[in-house]
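Please construct the entire structure, taking both the sequences and the accompanying hints into account.
Going down the list, the protein sequences come from chains X and V. In terms of the numbering used here, the first sequence opens at residue 97 and continues consecutively. In terms of the numbering used here, the second sequence opens at residue 3 and continues consecutively.
Treat the hints as calculated values from the structure; they're not laboratory data. By construction, the Cβ of each residue, glycine as well, lies at the ideal position given by its N, Cα and C atoms. Please note: incorrect hints may appear among the correct ones.
Lysine to any residue pairs mimicking SDA-like chemistry, simulated, CA-CA at most 25 angstroms apart [said to hold, decoys possible]:
no., chain 1, residue 1, chain 2, residue 2
1, V, K45, X, R178
2, V, K319, V, W143
3, V, K443, X, A170
Residues of chain X placed beyond 12 angstroms of chain V at every Cβ, according to the derived structure [to be verified]:
no., residue
4, A102
5, T104
6, D117
7, L118
8, A121
9, E124
10, N132
11, D217
12, G232
13, V257
14, Y274
15, S293
16, R307
17, R332
18, V345
Stretch by stretch, here's where chain X covers chain V in the computed footprint (C-beta under 8 angstroms, at least three residues) [as the list claims (entries may be wrong)]:
no., segment
19, 349 to 356
20, 429 to 442
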Amino acid sequence: MIQLRALTKRYGSFTAVDALDLDVARGELFGFLGPNGAGKTTTLRMLAGILRPTSGSVAIGGIDLAAQPAAAKAKLGFIPDRPFIYEKLTGAEFLRFVAGLYGQDGAVVERRMDDLLQLFDLGDWKNELVESYSHGMRQKLIISSAFLHRPEVVVVDEPMVGLDPKAARILKDLFREYTRRGNTILMSTHTLEVAESVCDRIAIIQRGTIRACGTMDELYASAATGATGLEELFLRLTGEQAPREVEQVLDV
Amino acid sequence: MSDDFGAEGPVVLPRAAHALTPLGVSRVAAPHQPTLGQILRPKLLTARPRAHAALRGRVVRIAVLGVVGALFWGFVLGILVRMLTYFHGVPEIGALLAGKLLGLVFLSFLGILLLSNVISALSTFYLARDLDLLVSAPVDWLTLYGAKLVETLVHSSWMVVLMAVPIFVAYGWVYHAGPLFVLVAAGTFLPFLVIPAVAGSAVTTILVNVFPARRARDILGVVTVLSAGGVVLLFRLLRPERLARPDGMRSLVAFVEALRTPSSPFLPSEWVRGGIMSSLLGASDPLSFYLLWSTAAAMIVLGALLHRALYGRGFTKAQESAERMIRARVARYVGHLALAPFGIVRRELVMKELRVFFRDSTQWSQLILLAVLVIVYIFNIRVLPLHGDGISFFLVNIIPFLNLVLAGFVLASVAARFIFPAVSVEGRTLWLLKSSPMPMKALLWSKFWTGVLPLLVLALAIVAITGVMLQVSAFMMLVSLGTITLMTFAIGGLALGLGAVFPQYETENVAQIPTSFGGLIFMMSSVALIGAIIVLEARPVYSYLRARTFGTAPDPAEMAIGFALAALLCVATTVVPIRVALRRLEGAEG
Chain X
97 MIQLRALTKR
107 YGSFTAVDAL
117 DLDVARGELF
127 GFLGPNGAGK
137 TTTLRMLAGI
147 LRPTSGSVAI
157 GGIDLAAQPA
167 AAKAKLGFIP
177 DRPFIYEKLT
187 GAEFLRFVAG
197 LYGQDGAVVE
207 RRMDDLLQLF
217 DLGDWKNELV
227 ESYSHGMRQK
237 LIISSAFLHR
247 PEVVVVDEPM
257 VGLDPKAARI
267 LKDLFREYTR
277 RGNTILMSTH
287 TLEVAESVCD
297 RIAIIQRGTI
307 RACGTMDELY
317 ASAATGATGL
327 EELFLRLTGE
337 QAPREVEQVL
347 DV
Chain V
3 MSDDFGAEGP
13 VVLPRAAHAL
23 TPLGVSRVAA
33 PHQPTLGQIL
43 RPKLLTARPR
53 AHAALRGRVV
63 RIAVLGVVGA
73 LFWGFVLGIL
83 VRMLTYFHGV
93 PEIGALLAGK
103 LLGLVFLSFL
113 GILLLSNVIS
123 ALSTFYLARD
133 LDLLVSAPVD
143 WLTLYGAKLV
153 ETLVHSSWMV
163 VLMAVPIFVA
173 YGWVYHAGPL
183 FVLVAAGTFL
193 PFLVIPAVAG
203 SAVTTILVNV
213 FPARRARDIL
223 GVVTVLSAGG
233 VVLLFRLLRP
243 ERLARPDGMR
253 SLVAFVEALR
263 TPSSPFLPSE
273 WVRGGIMSSL
283 LGASDPLSFY
293 LLWSTAAAMI
303 VLGALLHRAL
313 YGRGFTKAQE
323 SAERMIRARV
333 ARYVGHLALA
343 PFGIVRRELV
353 MKELRVFFRD
363 STQWSQLILL
373 AVLVIVYIFN
383 IRVLPLHGDG
393 ISFFLVNIIP
403 FLNLVLAGFV
413 LASVAARFIF
423 PAVSVEGRTL
433 WLLKSSPMPM
443 KALLWSKFWT
453 GVLPLLVLAL
463 AIVAITGVML
473 QVSAFMMLVS
483 LGTITLMTFA
493 IGGLALGLGA
503 VFPQYETENV
513 AQIPTSFGGL
523 IFMMSSVALI
533 GAIIVLEARP
543 VYSYLRARTF
553 GTAPDPAEMA
563 IGFALAALLC
573 VATTVVPIRV
583 ALRRLEGAEG
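Laid out in structure tokens, this is it:
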């Protein structure tokens with residue numbers, strides 16, 4: 097459903113994403129893990145058509161994003177990590193606006209909108225201006241907007257940031273159910289427990305390249321180091337030095 | 003609350019330094035205070051790479067900027083040198099006229115600076131993103147005030163400084179000023195910039211204490227009404243009719259007396275005039291310098307005291323956000339009905355534009371000021387002495403033609419406020435627009451029409467009303483209406499296009515976008531466009547008026563070529579910038 101071929105992004109002499117190849121199948125929930133600055137967000141933003149790749153290609157549902165951007169994007173829903181939206185629209189107006197961008201309106205959109213807002217406890221806030229929403233409420237609103245037009249592929253950057261435990265749980269259930277229905281989700285996260293508990297497959301990215309990719313069992317096997325948890329596995333696969341002793345740092 | 007921001011500044015408790023008092027409150031040694039330079043350093047460090055990045059590898063852009071800037075400066079310098087040379091040759095009153103002109107220019111600068119400082123101070127003192135860091139750090143209140151005042155002053159004044167350079171050069175040139183004149187100019191101009199910066203920041207601090215900053219609706223409403231009042235006041239202070247019609251005065255002595263009398267002896271613009279003119283005429287006027295510097299110094303002290311008393315409370319209020327329940331079902335229904343032919347995407351884009359505009363006070367409140375300006379404008383046309391003995395058909399009909407220039411300037415300033423920022427305001431939502439299948443063409447389409455249609459109504463109303471008042475001929479009315487229509491589209495296209503070429507995606511205050519560098523380029527380009535249209539149409543209009551006056555037949559070829567070229571220029575200026583904007587938006591990375 098998602099195909100990345102030799103995807104590369106350079107900013108001057110710095111290579112953020114280096115010839116990345118990746119295939120994500122229909123109905124799969126795929127996790128992207130990596131340290132800060134590894135190139136996760138850049139990859140996802142290229143996938144969403146926000147950044148232009150320096151070279152390489154992105155295909156969504158078999159449609160080349162560069163050749164047919166509108167057709168490819170119509171299959172996509174994107175949830176960014178920084179939830180900036182129009183402050184002067186109400187939650188309901190924002191959702192109708194997003195549906196409109198995908199050419200959808202009418203009773204079906206209204207029904208889906210109400211259901212999604214209720215799911216995330218935003219029903220009572222529907223007619224309030226977004227400027228009065230908290231960070232978490234904005235995140236919930238953006239998540240709702242990404243599912244409103246029922247895209248075949250959802251790309252999510254750090255979905256759990258700012259969410260309360262209840263909303264995080266609802267989101268995990270939503271992701272699971274959505275992929276069970278044959279849709280595809282690609283998400284980046286720093287929360288290793290989330291990746292471990294919901295993702296079918298995980299890729300660990302570092303310095304713009306994929307260091308390891310597979311199911312949890314496959315990752316443990318490939319590391320072959322006797323790692324007992326994802327955190328340890330992550331640190332070994334990314335070759336990160338062991339964190340310095342906290343006390344040692346604070347004593348300086 | 004006041005302790006956090008008050009005289010002692012925020013308190014930091016170093017482990018070893020504090021000891022408990024009987025009440026259990028820590029007494030601590032004074033924490034390290036960052037200097038003004040340390041606080042301003044990040045601004046300097048980010049400004050340099052930004053300027054380099056904006057110009058790197060863009061030879062064409064640099065060349066265009068250089069040429070447009072040089073042309074504009076050359077134009078202002080040329081006109082001023084010509085005028086001042088003429089004044090210089092007039093015995094007795096030449097220097098008075100030059101001084102009066104300088105006073106009027108600086109009075110305008112003062113008005114612009116006051117308004118722009120009020121708007122800038124709202125951002126720098128209350129809404130800037132670095133404030134959370136600065137207010138939570140152990141930064142002394144006076145240092146914070148100084149840093150933010152400097153930031154406000156630079157933001158608000160750089161354009162006026164650019165405008166002032168050719169003015170000073172022209173005066174120095176015509177009056178053969180020596181190298182010391184540079185020091186005199188700088189010595190008068192610097193305190194002149196400081197005074198409105200302190201006053202504007204103080205007005206904002208008071209307003210924010212009355213209304214929360216994020217409820218900018220109320221603040222900007224007040225600011226707008228104040229500025230509208232300021233415009234009327236400024237207009238009265240100028241007393242242009244007294245200078246334009248010396249024959250209306252009792253005698254030459256009365257005319258000279260009017261020239262000699264400052265608009266108001268309490269205005270800093272008059273002190274600048276006094277300082278500059280006395281230096282140019284070889285006289286000594288220490289009073290002007292004393293007034294400028296002492297007033298600036300006194301205002302900084304008073305501004306700092308006001309800041310100490312009110313900033314903490316105001317900053318807290320600025321963190322409050324508006325909560326408003328909106329149930330605009332009727333508006334939605336009407337919008338759906340009216341915009342149905344344009345499809346779902348364009349309908350939603352236009353409705354979003356309208357909602358955001360009318361719910362954002364920084365946008366809609368400017369309509370009040372606009373209304374005042376239009377009323378003053380129409381009133382001025384009404385009082386023009388164009389009827390009576392000695393007023394020819396030629397004069398009555400040439401005025402509405404020249405009126406197009408003024409109407410064009412009004413349109414350009416409105417477009418700078420409302421259309422130029424249209425692309426910039428989408429900066430933080432580019433992720434949404436770029437990741438959706440919506441074509442960027444649809445976004446520009448909605449931005450263009452929501453901006454240009456109201457502008458067109460305004461333009462046609464101004465020209466039609468003034469045309470009727472002036473009782474112009476049917477031909478001239480047709481020419482005026484046709485020209486203003488095409489000019490509106492061209493100015494709209496230019497504003498949208500240059501707004502995309504010089505986007506301010508990271509701005510914290512929409513009202514600041516028109517005063518950016520790109521805004522200046524837009525205004526200069528608009529002036530050039532209006533001038534070109536008038537030059538192209540001047541020949542056929544003159545041909546028609548001459549024929550009517552002397553009973554001859556106008557040359558049809560000359561008329562057709564002139565009007566066709568003007569129309570072509572307008573169409574090109576509408577289409578080309580929008581195409582450039584489209585390319586920019588399609589290539590933009592959010």
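Here's how the hints hold up against the structure:
| no. | hint | result |
| --- | --- | --- |
| 1 | K45/V x R178/X | 23 angstroms, holds |
| 2 | K319/V x W143/V | 17 angstroms, holds |
| 3 | K443/V x A170/X | 17 angstroms, holds |
| 4 | A102 | 20 angstroms, holds |
| 5 | T104 | 15 angstroms, holds |
| 6 | D117 | 22 angstroms, holds |
| 7 | L118 | 18 angstroms, holds |
| 8 | A121 | 22 angstroms, holds |
| 9 | E124 | 20 angstroms, holds |
| 10 | N132 | 19 angstroms, holds |
| 11 | D217 | 17 angstroms, holds |
| 12 | G232 | 15 angstroms, holds |
| 13 | V257 | 15 angstroms, holds |
| 14 | Y274 | 18 angstroms, holds |
| 15 | S293 | 27 angstroms, holds |
| 16 | R307 | 26 angstroms, holds |
| 17 | R332 | 34 angstroms, holds |
| 18 | V345 | 17 angstroms, holds |
| 19 | 349 to 356 | holds (count 5) |
| 20 | 429 to 442 | holds (count 12) |
Comparing the model with each numbered hint stated earlier shows that all of them hold.
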